[in-house]
Amino acid sequence: MDRLLGLITGVAFGFLLQKGRVLRYEKQVGAMLLRDMTILKFMLSAILVGMVGLHILQPLELVSFSIKGSAVVAVLGGGLLFGAGWAVMGYCPGTSLGALGEGRWHAIWAMLGMVVGAALFAEAYPWLERTVYTWLDLGKITLPGVLRVNAWFVIVPFTAIVLALFRLFERKGV
Amino acid sequence: MKRDGWNPYLAGALAGLLAVTSAAVTTRTLGRTQLLGASTTFVRAAAAAESAVAREHVEANPYFQRNRPRLDWQAMMLGGILIGAFAASWTDRSFRLEAVPPVWRERFGNRIGVRALGAVLGGAVAMFGARLADGCPSGHGLSGLMQLSVSGFLAMAGFFGAGVLAAHILFRRQKEVV
Numbered sequence: 001m002d003r004l005l006g007l008i009t010g011v012a013f014g015f016l017l018q019k020g021r022v023l024r025y026e027k028q029v030g031a032m033l034l035r036d037m038t039i040l041k042f043m044l045s046a047i048l049v050g051m052v053g054l055h056i057l058q059p060l061e062l063v064s065f066s067i068k069g070s071a072v073v074a075v076l077g078g079g080l081l082f083g084a085g086w087a088v089m090g091y092c093p094g095t096s097l098g099a100l101g102e103g104r105w106h107a108i109w110a111m112l113g114m115v116v117g118a119a120l121f122a123e124a125y126p127w128l129e130r131t132v133y134t135w136l137d138l139g140k141i142t143l144p145g146v147l148r149v150n151a152w153f154v155i156v157p158f159t160a161i162v163l164a165l166f167r168l169f170e171r172k173g174v
Numbered sequence: 001m002k003r004d005g006w007n008p009y010l011a012g013a014l015a016g017l018l019a020v021t022s023a024a025v026t027t028r029t030l031g032r033t034q035l036l037g038a039s040t041t042f043v044r045a046a047a048a049a050e051s052a053v054a055r056e057h058v059e060a061n062p063y064f065q066r067n068r069p070r071l072d073w074q075a076m077m078l079g080g081i082l083i084g085a086f087a088a089s090w091t092d093r094s095f096r097l098e099a100v101p102p103v104w105r106e107r108f109g110n111r112i113g114v115r116a117l118g119a120v121l122g123g124a125v126a127m128f129g130a131r132l133a134d135g136c137p138s139g140h141g142l143s144g145l146m147q148l149s150v151s152g153f154l155a156m157a158g159f160f161g162a163g164v165l166a167a168h169i170l171f172r173r174q175k176e177v178v
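Protein sequences appear in the order of chains A and B. Sequential numbering of the first sequence, starting at 1, is according to the working numbering. Sequential numbering of the second sequence, starting at 1, is according to the working numbering.
The shape of chain B in the complex, shown without the other chains:
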């Protein structure tokens, strides 16, 4: 297996250290512990987008009332991920403008429209699931398991159980994925 970048065990351990440091710093300075998570921000983004066309409808929805559109810690963290990943890819020249992922191209061809349709449908199903489960691989997977929460174990079993099955149905004939 070809390896570039950092050792994944080391990068992961540093991410764990970052999660703990961030939890301690936010507890001290903000008075509440912030743990890693990502999917709530997509609800706030949906509320913001829908508000532009149907404000009253959004304001009447109980789920949007709990997740109002605002730039909070998590939204800024997601923006930071974009910047950090850009910086990291720039330092070792792994930045690539890519329209269709290589594995997808091998299986479904190079048409951007096909990839876009697949990603929109997959993304919609995945996010519906993440909100139903109340978390994604960050909130349930990382933060949930760090706290030994039962819901974290249940969610991870679901994520990987269905993911392994679906990936085998879609890509099992692809000889070279990495």
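Just chain A, same shape as in the assembly:
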């Protein structure tokens, strides 16, 4: 059952990613060059709708949250490494499969590289677990939790900032 649900979600997600035109190498690099914000428009729209939806359903116990840990050095350092590799590779792990689906078969090199990266990480993990993951580990925290406010006091200003950003994108024509 979980496989069937995963497949259905993936087909719909892949369809939307392709129709939103966010899969292409040019779109990914375009966002990083701050020239074409299509992928940010897509991502931030998804985040706004998802954020509101999940925060309505969670108090009703219709979904449960799973917050990833904030080991600051690991998350920020890993994020920076990802960004550097992303610019060269031109895909995210999820969009690489979509790019392959729309015929950009060079995405297989990126996928191969990502499997190699995962294998190297597994070798480094025992050492990383004793070192980097213990540095500045703040645990599984959320922004409303840190600020000690109800989540909606974060959702509303966050939404306002994103909408202002959208306005800026449209004005600049990016």
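What the hints contain is simulated information worked out from the structure, not anything from laboratory work. Values in this document were obtained by computation on a predicted structure and should not be read as measured data. Among the hints, erroneous ones may be present.
Unchecked claim - Quick list of simulated restraints, FRET-style, between CB atoms:
| id | chain 1 | residue 1 | chain 2 | residue 2 | range |
| --- | --- | --- | --- | --- | --- |
| 1 | A | M1 | B | R55 | 26 to 36 Å |
| 2 | B | A87 | A | V73 | 40 to 50 Å |
| 3 | A | M1 | B | R96 | 27 to 37 Å |
| 4 | A | G173 | B | H168 | 12 to 22 Å |
| 5 | B | Q65 | A | W135 | 21 to 31 Å |
| 6 | A | A160 | B | A52 | 44 to 54 Å |
| 7 | A | L168 | B | E59 | 44 to 54 Å |
| 8 | A | M1 | B | A87 | 20 to 30 Å |
| 9 | A | R171 | B | A54 | 52 to 62 Å |
The C-beta atom is built at its ideal place from N, Cα and C for all residues, glycine as well.
Since chain A is already given, all that's left is putting chain B on it; use the hints.
Here is chain B on its own, set in the frame of chain A:
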């Protein structure tokens, strides 16, 4: 700017709706909430590939013990993305067999080997980073920010901070990328 396909705000909002629907449906039918994510599957794929040549080594590794090779929800979702993107590109004839991305060709030439080397190296660095951060733009970017997780904000700052810098170093002279 030339626009084809759907309005990205609309497609993105629908993807957000899909993420919420999928979270609610999996909670109800499977008893656990499934959120969008992609990079764990690459660990499972690495475990499967390495098992073929060095089974004992894989079984002794603590990271592979936590991420055993199996076809789970996320792996099937990734397979679905491939199918969905294929279907979408077929409906509006945007499907193209492409060996080297146009931007890359303009900068580094048309040799498939050069593109393959760049993508393998970039992919390896990116995935090492994604596992170190414990997520990619799906897991941290979409699912993390939807839950207002601090780690999501940290990771996104890293993804885009380094991405913007690296892309400018590589492609800043390219006049036309879109």
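These are the hints, each one checked on the structure:
no., hint, in the structure
1, A:M1 - B:R55: 26 to 36 Å, "30 Å, holds"
2, B:A87 - A:V73: 40 to 50 Å, "42 Å, holds"
3, A:M1 - B:R96: 27 to 37 Å, "36 Å, holds"
4, A:G173 - B:H168: 12 to 22 Å, "20 Å, holds"
5, B:Q65 - A:W135: 21 to 31 Å, "24 Å, holds"
6, A:A160 - B:A52: 44 to 54 Å, "52 Å, holds"
7, A:L168 - B:E59: 44 to 54 Å, "52 Å, holds"
8, A:M1 - B:A87: 20 to 30 Å, "23 Å, holds"
9, A:R171 - B:A54: 52 to 62 Å, "56 Å, holds"
Hint violations for this structure: none, all hints satisfied.
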